[in-house]
Amino acid sequence: MIATPELAPLFDGVEARKAATRNAYGEALLELGASNPDVVVLDADLSGSTKTKAFGKAHPDRFFNMGVAEANMIGVAAGLASQGKVAFASSFAMFATGKAFEQIRQSVCVPELNVKICATHAGLTVGEDGKSHQMLEDVTIMRVIPGMQVIVPADAVEARQAVLAAAEIPGPVYVRLSRASTPIVFSEDYRFEFGKAAMLRDGGDLAIVAMGVTVAAAIEAADMLSGMGIEARVLNMSTISPMDSDAIESAARDCGAILTAEEHQENGGLGDAVAQAVVRTHPVPMEMCGMNGSFGQSGTGDELLAHYGLDAAGLVARAQQLLKRKQA
Amino acid sequence: MTLSQEDRAAVESAARQIRIDTVRMVHAAACGHPGGPIGMADFMATLFLRHMNLSPETLHQPDRDRFVLGNGHTCAGYYSILSQKGLFPREELLTFRKMGSRLQGHPHRTPDMGIDFSTGSLGNSLSVSLGMALAAKSNGWDTRVYSASSDGESQEGQIWEAATAAAHYGASNLTVLVDFNNVQIDGHMRDVMDVRDLRAKYEAFGWHALDVDGHDIDAIDAALVAAREETTRPSALICHTLIGKGVSFMEDQPGWHGVAPGDEDARKALAELGIEGAELEAMMA
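Heads up: the sequence lines are chains U and H, in that order.
Residue -17 is where the first sequence starts when you use the working numbering, and the numbers rise one by one after that.
Residue 57 is where the second sequence starts when you use the working numbering, and the numbers rise one by one after that.
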């Protein structure tokens, strides 16, 4: 576990400070393009949206637009990786993992290849496009594949570093990115460490373990709880697989109750992953904030997060329920 | 152009050995797929003896030719030709499909024995082969990528995604050999799902495509030469074959797609392939 890294102010005084993790991805690709000649990038006709386009302009000989054909894109990425390339493949999370699950399992993970699937537009915060595009099962279906390493950055600062790290980590990596601008959590001094949770705040009454866009909500919820005399530890679980089970065990021992938060199905997602670590190490009461078996709907990202109880107020309400169970 | 008598004899001998090895391996494993590899033996032998530059000497050369077996279930024949080329000991063939063997029921990528990719799920192979071809082109290598596929695999949509992209990227260093035997697991293709004229389909997708008699070694060799000479388009060789060719009771029989011969059938098959007397008894012992 990384201890209490420096956080950025969530507000600049008036406005929330925000950036989209997909933009950080595009910038990181440009850095990689300049520093690593083995890096190649593939896209499936969404390069403007996934932000791979700038890499394509800078390195046309190392950029392959495969058209609207995600299964083929993943297979081609695997073939390139088998010949020594570090292949980044991008589309929306729904299509990159949903349409190409079989190719990811068979052609990338079975032969343990250096394919980095960086999928954007994950989760509810896709917003108005609605349920067909709101991928809420990608972490589940990626983390169950043997050898697949799964990273869900909390903000743009972490996303850039996670993408740079993915190029160095041997084997398959899935990076989950967002369309929407989301709060910036970390200062530029933050150092992402693959496989390690980061403790963003300490407290002894409960631990909130969050990933992705809900990390900012978790910090805000912890502030609100503190005002009620409840101190929460907040963990940023940006590496979902392999899971930092030591950090989970410590949280369970130190806090005695764990709340998870994710813009994703609870089934098979962060909630399940943390629960596995908890029951194997130090069982304590848990609650999960996530999608409870339903699809999303059209709306703004903020409206949807509030509707499904994934904003700070939603997390506070569930934290209070959890504390009643802890005290029972 | 035809092969010299000596060259043809070498290919014929390797093809016969593929058939014999396949019968023995599938019989010893008591499961597996004999019909396909026996039908593919002539084009696999021609490819590996006369075109692929894969050998123990070139094995670890990054720019050597690559091969992906799309119809991975036919791997008994693939393993046979790899062992014939000295990439692993012949004795290992009879470990096929057994616990702990490197010769898995469907190929697993094993660089030390020249198995270039993991396959077994139909439809994935042409995309992977295209990726290899693009990597070679981007490195400025002369590498040729050969991909075996089949009429059944051509029912998978991903094949046509890859076919579209390969033509778009002018992957002239990519050649697919399609085993067209008109048989799939559930029966003859005409009864299950007819893929019709694959040459015309590949041509319409922008490929250099040829129909080839998959048992005519001279014709296969000439088609592989033509593929090598093509400079702008990927090549598809539609190899028309007979499943089980050379073992009379397996020929054109869907039932021999994925069923192992028992003792009696294995003995009969080996006898038809010219194994007799003490040699036959030793193989069956």
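Just so you know, these hints were derived from the structure itself, not from any lab.
Be aware that one or more of the hints could be misleading.
Said to hold, decoys possible - Coverage of chain H stretches by chain U, computed from C-beta distances (three or more under 8 Å per stretch; other residues unrestricted):
hint : region
1    : 158 to 172
2    : 190 to 197
3    : 256 to 269
What the hints assert, rightly or not - Restricting the straight-line Cα-Cα distance to at most 30 Å, the calculated cross-link-like pairs of lysine-lysine (DSS-like) are:
hint : chain 1 : residue 1 : chain 2 : residue 2
4    : U       : K35       : U       : K0
5    : H       : K193      : U       : K35
6    : U       : K39       : U       : K178
7    : U       : K81       : U       : K35
8    : U       : K178      : U       : K308
9    : H       : K324      : U       : K81
10   : U       : K81       : H       : K257
11   : H       : K324      : H       : K141
12   : H       : K154      : H       : K324
13   : H       : K154      : H       : K141
14   : U       : K39       : H       : K193
15   : H       : K141      : H       : K193
Where is the CB? At the ideal position from N, CA and C, for every residue including glycine.
Point to revise | Pairwise hint evaluation, K178 of chain U against K39 of chain U, where the allowed Cα distance is 30 Å at most | key: Violated. K39 of chain U to K178 of chain U sits at ~34 Å, over the 30 Å cutoff.
**Study point:** Proximity test - 8 Å, beta-carbon atoms, the region 158 to 172 of chain H to chain U, at least three hits
**Key:** holds (count 3)
**Study point:** Coverage of the region 190 to 197 of chain H by chain U (three or more Cβ within 8 Å)
**Key:** holds (count 5)
Point to revise | Holds or violated: K154 of chain H to K324 of chain H, with C-alpha atoms at most 30 Å apart | key: holds (24 Å)
Review point. Per the coverage rule (Cβ-Cβ under 8 Å, at least three residues), is the region 256 to 269 of chain H covered by chain U?
Key: violated (count 0)
Practice item. Sort out whether K257 of chain H lies within 30 Å of K81 of chain U, counting only the CA atoms. Key: holds (24 Å)
Practice item. Mind checking the alpha carbons of K141 of chain H and K193 of chain H for me, to see if they're no more than 30 Å apart? Key: With Cα atoms ~26 Å apart, K141 of chain H and K193 of chain H stay inside 30 Å; holds.
**Study point:** Hint consistency between K81 of chain U and K35 of chain U [alpha-carbon to alpha-carbon, up to 30 Å]
**Key:** Between K81 of chain U and K35 of chain U the Cα gap is close to 22 Å, so the pair holds against 30 Å.
Point to revise | Restraint status (C-alpha distance of K324 of chain H to K141 of chain H at most 30 Å) | key: holds (27 Å)
Practice item. Verify the proposed pairing of K39 of chain U with K193 of chain H, using a straight-line Cα cut of 30 Å. Key: holds (19 Å)
Exercise for review: With a cut-off of 30 Å on the C-alpha distance, tell me whether K178 of chain U and K308 of chain U pass.
Suggested key: holds (27 Å)
Exercise for review: Sort out whether K0 of chain U lies within 30 Å of K35 of chain U, counting only the CA atoms.
Suggested key: holds (22 Å)
In summary, the numbered hints that this structure violates are 3, 6, 9.
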